[in-house]
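K.L.:
Quick note, the sequences are listed as chains X and V, same order.
Everything in the first sequence is counted per my numbering, starting at 1328 for the first residue and increasing by one.
Everything in the second sequence is counted per my numbering, starting at 7 for the first residue and increasing by one.
In short, the hints are calculated from the structure, not lab data.
In the SDA-like style, the derived pairs of lysine to any residue whose C-alpha atoms are separated by at most 20 Å in a straight line are:
id: 1; chain 1: V; residue 1: Lys209; chain 2: V; residue 2: Arg122
id: 2; chain 1: V; residue 1: Lys240; chain 2: X; residue 2: Gln1395
id: 3; chain 1: V; residue 1: Lys201; chain 2: V; residue 2: Val100
id: 4; chain 1: X; residue 1: Lys1609; chain 2: V; residue 2: Leu62
id: 5; chain 1: V; residue 1: Lys201; chain 2: V; residue 2: Asp212
id: 6; chain 1: V; residue 1: Lys337; chain 2: V; residue 2: Gln221
id: 7; chain 1: V; residue 1: Lys215; chain 2: V; residue 2: Lys337
id: 8; chain 1: V; residue 1: Lys240; chain 2: X; residue 2: Gly1388
id: 9; chain 1: X; residue 1: Lys1344; chain 2: X; residue 2: Leu1363
id: 10; chain 1: X; residue 1: Lys1667; chain 2: V; residue 2: Val44
id: 11; chain 1: V; residue 1: Lys88; chain 2: X; residue 2: Glu1639
id: 12; chain 1: X; residue 1: Lys1609; chain 2: V; residue 2: Ile69
id: 13; chain 1: X; residue 1: Lys1667; chain 2: V; residue 2: Leu62
id: 14; chain 1: V; residue 1: Lys313; chain 2: V; residue 2: Trp268
id: 15; chain 1: V; residue 1: Lys162; chain 2: V; residue 2: Val93
id: 16; chain 1: X; residue 1: Lys1667; chain 2: V; residue 2: Ser61
id: 17; chain 1: V; residue 1: Lys162; chain 2: X; residue 2: Ile1558
id: 18; chain 1: V; residue 1: Lys337; chain 2: V; residue 2: Ser294
id: 19; chain 1: V; residue 1: Lys215; chain 2: V; residue 2: Lys231
id: 20; chain 1: X; residue 1: Lys1563; chain 2: V; residue 2: Glu286
id: 21; chain 1: V; residue 1: Lys88; chain 2: V; residue 2: Lys162
id: 22; chain 1: X; residue 1: Lys1667; chain 2: V; residue 2: Val41
id: 23; chain 1: V; residue 1: Lys209; chain 2: V; residue 2: Pro114
id: 24; chain 1: V; residue 1: Lys269; chain 2: V; residue 2: Glu257
id: 25; chain 1: X; residue 1: Lys1667; chain 2: V; residue 2: Ala50
id: 26; chain 1: X; residue 1: Lys1609; chain 2: V; residue 2: Ser61
id: 27; chain 1: X; residue 1: Lys1609; chain 2: V; residue 2: Pro63
id: 28; chain 1: X; residue 1: Lys1816; chain 2: X; residue 2: Asn1338
id: 29; chain 1: V; residue 1: Lys132; chain 2: X; residue 2: Met1635
id: 30; chain 1: V; residue 1: Lys209; chain 2: V; residue 2: Glu193
id: 31; chain 1: V; residue 1: Lys209; chain 2: V; residue 2: Pro126
id: 32; chain 1: X; residue 1: Lys1563; chain 2: V; residue 2: Gly287
id: 33; chain 1: X; residue 1: Lys1609; chain 2: V; residue 2: Val70
id: 34; chain 1: X; residue 1: Lys1667; chain 2: V; residue 2: Pro63
id: 35; chain 1: V; residue 1: Lys129; chain 2: V; residue 2: Glu101
id: 36; chain 1: V; residue 1: Lys240; chain 2: X; residue 2: Leu1782
id: 37; chain 1: V; residue 1: Lys162; chain 2: X; residue 2: Gly1557
id: 38; chain 1: V; residue 1: Lys162; chain 2: X; residue 2: Met1630
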Amino acid sequence: MDAAAGAAAPNYLRAGKGLASWLTTTDHKRIGILYLIAILVFFLFAVCLGLMIRLELFSPGEQFVGNQGYNRILTLHGITMIFLFIIPSVPAVFGNFFLPIQIGANDVSFPRLNLASWYFYIGGGLFALGSVILGGVDTGWTFYIPYSADTADNVYLPILAAFILGWSSILTGLNFIVTVHRLRVPSMPWFRMPLFVWALYATSWIQILATPVVGITLLLILLERFLGIGIFDPAKEGDPVLYQHLFWIYSHPAVYIMVLPAMGIVSEIVPVFCRKTIFGYKFIAISSLAIAGIGSLVWGHHMFTSGMADLERIVFSLLTFLVAIPSGVKVFNWLATMYKGSIRLATPFLYALAFIFLFSVGGFTGLLQGALSTDIHIHDTSFIVAHFHYTMFGGGGVMFFGALHYWFPKMFGRTYCESVARWAFALFFVGFNCLYFPLFLAGLAGMPRRYADYLPEYLVYHRISSIGSWILVAGIVLMLANLLRALFKGERAGRDPWGGATLEWTVPSPPPTHQFAAPPVVTRGPYEYARERASG
Amino acid sequence: MYSGASEIAREVDAAFYWIGGICVALLIGITAVMVYFVIRYRRARSPQAAHIEGSLPLEIGWIVVPTILVLFMFFKGYEGFKLMRTVPEDAQVVEVVGQRWFWTFIYPEQGITSDRLYAPVGKPMKLEMTAPVDDVVHSLYLPAFRVKEDCVPGRKSYLWFQPEQEGRYHIFCAEYCGKDHSRMITELVVLSPEKYQAWLQRKVEDRNKPVVMAQAMDPESAEIKERDGAALFKTYCVSCHGAEGLGGLVENARNFTSLADWKRSPKITDIYRTLELGIEGTQMRSFSNLPPWDRFALAHHVAAFYKGSDRPQASPEEVEQLNKDFRLGEKQEPRRTIPIEQAKKAYVEDAGGG
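Using the sequences and the hints, build the whole thing.
P.N.:
Shown next as structure tokens:
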């Protein structure tokens, strides 16, 4: 351990004492930890809801929550997982913590705004939880009109929650863009930035450009509900399909908010554990921007059966296929990075491999949904549920945990038990596939989604899926227990336990509040290990 | 998956095999390469990594080849879609209305309706679909035929299919529509052309049959007994009023086991009136598309939830008024329009007249 550096300045965890010092902190690392705690709490809450969904579907017929109970659980599971876990997860926790360090800065450009974003996040989370206390809401996370204007449940709370969380997302995105432009050390030109920074930069642009659309749309629902303005209400010659367009103009790019940062982490982990520079750096960097760009033009593929004009459907189908190309570029470059590498199969790398596999399954099944005729059949079936969980949970979620294992020694200065972490990963991976893969088959056989009950012929798929949910949860519990134990009893970690070449590995673990006394001088690319070995 | 039940289904399945086949091959390839590299270049065997920064030809290759592949996939999907959207000119039109939480299939030529979709073998069927403006979005899904299209309030949509063999096929609601979304299931019944004609004939006769008020008002009459009020209740009423008739499953759904606070009155004549007109401002729809005899059977079934003997009886004048208001004694007119629009109009006339 680098005792000298650690003794010179207290690390960020010990820089101030007491709850107040945390709740008023403007240190980007502490804010990252605040997000980590809150996001994990919401995640575990939503996992419980997901378990309840799978228990209800264990057998056909009404089990224990009934139709309306099921609809409310499903809605809350979706809202919590999407708005409170997967959208903020990687950028808010690891982006906040590592983006400034990776570009050689001591903080983000607007530290107080950064703290305000966290409070917006907590405020939105409390509104979402408040809706549970008031009996829940049954619209689905998509809030489709006219249902959301018509239901007897308290729609305004989760809608305000999503609206406030949108602000949190916009402000974080804005902060990151300014930080990347203004605070990069002069010795780091654009094409020396770590790929995680590239991914966050592309994500931030989606956050600030697309999120306002959904904010305005959600407010329109409230106006529709309370004032009856008639913009969506067919009884007043409004158009329910207009709502769907506005919703997906945000919510499709939002899936790239969920997955682009995860791809950035894969691009960090793969070269480190292969001891080899990343293959096709520029192509990976640019493909993030390409995904953000093309991904903003494909929202209509959520609406192939909504009654859009046939020509619209054809155009959206074509655009959807094009967005597969930059994702493919990333996967091929990661594989090529492994070629002739020197691979260390540590836990973070296992998560990265799982990402490549699970996200590929999700991506390829996405092609069946991008194609018009096949999508008409599987649209709104459990095939979509499976695809969505493979891309979002298998993508964003898996790399959230991959990043947690990768950067845990840096964030907390301790290492976790590697063999327990591998066992937890194995349970996670097996449970994941057991839970979601059968839903592809059920969907192909015609099982509609959002069904509290199902015909007996779909029993076998649901049974296996429910059993998978227990395995998956066992894996998550074991993984978090292992990390929690490491927090207090883990061995001390050194500055650079994995042998990484990006700037965060040059500062002590955990870093001091001001990690760089003087701006570091970057003399090589972020993944150049060969030269490092030659010189040292 | 069901075997292909129509030309569209075969076309869609072909696209599934093409696109799915390419995808599975690529997935296996990527996974195999990944696993091979992990084993081949593990640190024990490959202590020193090579220094390779990239390769322009490779990058171009894995941009161009996938682009060609996905354009091919797009085309495969487009082919089947084109077939789905090109309705044969001799298709028979059936109008479909999706409501929370049941389907109504209207045969406009015959002026009859059904809660199940009937179709003859070999005839292209075009479904023209909508939902009432005060309802929510539904989606009609026929998995065996690989077709699906939303029923959007205030908009018209369509799909078509051509059944090739007799049988029964599931119809699901695929767009989330609230409490009983998962029970909004009915079936497509494909019959031989002869049996189909016989079914139509029977439905038309049933609709035309004039009502004899004395028998209609008597729950024990043969005409009421031969109709299955319980089955009708299960199809149309149970989602909101419950199997025990206790109500409350949606906002303001009436409890049939009590005589208190009926919007109209608990008399059979007024229950019939509500079935004809619906109740404005609530989810209680008009069921005027059902044959009048069915509605009387349903009214008696509803009335039977109250076990006391003090249910108010309709006076002879009230029975006669009902007969006159809805011309029940005459041959019944075909119902051509969507029930809810008709119901709203009828309600306005009723309110104006009363």
